[in-house]
Each structure stands twice: as structure tokens, then as C-alpha cells.
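J.: Listed below, chain by chain, are the residues.
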Amino acid sequence: GAGVSQSPRYKVAKRGQDVALRCDPISGHVSLFWYQQALGQGPEFLTYFQNEAQLDKSGLPSDRFFAERPEGSVSTLKIQRTQQEDSAVYLCASSAGWVQETQYFGPGTRLLVL
Amino acid sequence: DQQVKQNSPSLSVQEGRISILNCDYTNSMFDYFLWYKKYPAEGPTFLISISSIKDKNEDGRFTVFLNKSAKHLSLHIVPSQPGDSAVYFCAASGDRGSTLGRLYFGRGTQLTVWP
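Residue numbers (the numbering used here), protein chains in the order written: chain A, 801 to 914; chain B, -9 to 105.
A portion of the hints provided could be inaccurate.
What the hints assert, rightly or not - Within a straight-line C-alpha distance of at most 30 angstroms, the following computed DSS-like cross-link-like pairs (lysine-lysine) qualify:
| hint | chain 1 | residue 1 | chain 2 | residue 2 |
| --- | --- | --- | --- | --- |
| 1 | B | K(-5) | A | K857 |
| 2 | B | K46 | B | K58 |
| 3 | B | K61 | A | K857 |
| 4 | B | K(-5) | B | K61 |
| 5 | A | K857 | A | K814 |
Unchecked claim - Some chain A residues judged to face chain B by a derived CB distance under 7 angstroms, without partners named:
| hint | residue |
| --- | --- |
| 6 | Q841 |
| 7 | F905 |
| 8 | P907 |
Hints were generated in silico from the structure; no laboratory data involved.
Even glycine gets a Cβ: it sits at the ideal position worked out from N, Cα and C.
Model the full assembly from the supplied sequences, consistent with the hints where possible.
T.: Right under this line is the structure:
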């Protein structure tokens, strides 16, 4: 595909349920970022992958959040035992290299935890 | 603590006029700045960027100005068009204390261009 894709686009979860969000980056892109965007806020960094290596997970809000990119392409963000404060849009972005380059964003997954 | 600030949550401009969106930052290590545009239910779309070695970058109707001493940047859109109506995010990177490409975003400015 031409751009970054994410699925599902919308997810409603009951509190305590586990969810998995998928990101397909632009083919060949080395770097992959996850961001969380709360209502009325700008995106906030969660974690960073360079190929399959997770080099920075300092933005993950708790140990309920886990991300992986096992083959250096598709990435999954998993949230265990979801809480209402996890409700947000989760954005994935990829860039071609590993230095400062333009990041291209997917459409996001809107998660609502009831 | 918000390291990138967009103090105007909204801006309304008539079609054909200039739109000026402002952004301030606090971290002097930032050396790469970007503007993204976001329509509802879509992800942010890259618009224009500037490196700290420059003070101006132009791309068609869009120009970004950087004032490092004031830690301030602005996006000028001339002439503004109704299709420019969107939320504009300012972002910065370069904090050597964290992942180099990690972006720090402002809260966004909703631009409305009316006919």
C-alpha cells in the first residue's frame, strides 16, 4: 500500500478487556513510532522501533502496554486489562531511516473503553 | 510539561487572506521542526519542515519561519483556501536525551477558512 494503515479503525472495549491494535507501515520503512492522542491534545510518544528492535519504550504509560514488531514490518500495540483512561486515538507513524526524517502517520485507531 | 506550545486553539481567516499559525518551544535541544495538518478521522499529514540551521523554508503556499533566539516558529499560508480548514500541529525533535526522531507535539490550532 501507499501509506501507513492501521486496524481496527474503531474499537470499543469493556474495562478489563485486552485489546490489540495493528499497524502496517510503509514498505521498507526502518523506523516505526506509536503515539497516543487524548481528546483535545496533541499526539504523545509511546514507543519506537528500529526494524524489529524496540529501542525506546519510555512513553508507555504502564506495564499494561506492550508493543512488538517481530519481523521488522507490521507492529502490534497490545493493552491488557484496559482502563477508561486508555480511551484515546492510537497513531502509528513510520519513517524511511533512523535519523530525523519525516514521519508518515496512519489514520489511527480510536479506542473507547467503557 | 508541554515542551511545544500552540497557544491559540483556533484561528478564523477569510479566503484569500494570510493565515499565520504560531508555535513556541522550551527545549533548546530541538533542532528539527515540522507542521502537520489533520482532518477529522484521519491521521496527521506532513506539511512542511525546517531544520534549525535555517530560518525559513517555503513550499508553494506554505512558509515556515524559525526564530531560534525566541524559540518560536510560525506557519504562513498564503493565500488561504477553504480546503485548508483543519487542525494544524506543530512538532519538534532533536532532544538528545531521548530517541532522536521522537516528535513532541503541540495541542494544535483549528484553522477555519471562510469564503
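J.: Taking only the CA atoms, is the gap from K857 of chain A to K814 of chain A under or equal to 30 angstroms?
T.: Within the cut-off at roughly 26 angstroms; holds.
J.: For the hint on F905 of chain A, does the least C-beta distance to chain B fall short of 7 angstroms?
T.: Holds, about 4 angstroms.
J.: Given the hint that K46 of chain B pairs with K58 of chain B, does the C-alpha gap stay at or below 30 angstroms?
T.: holds, 11 angstroms
J.: Taking only the CA atoms, is the gap from K61 of chain B to K857 of chain A under or equal to 30 angstroms?
T.: holds, 28 angstroms
J.: K(-5) of chain B and K61 of chain B were given as a pair; does the straight-line alpha-carbon distance stay at or below 30 angstroms?
T.: holds, 11 angstroms
J.: Have a go at the Q841 of chain A hint: is there a Cβ in chain B nearer than 7 angstroms to its own Cβ?
T.: holds, 6 angstroms
J.: Taking the closest Cβ pair, is P907 of chain A under 7 angstroms from chain B?
T.: Result: holds, 5 angstroms to nearest chain B Cβ.
J.: Between K(-5) of chain B and K857 of chain A, does the CA-CA distance stay at or below 30 angstroms?
T.: holds, 24 angstroms
The structure is consistent with each of the numbered hints, conforming to all of them.
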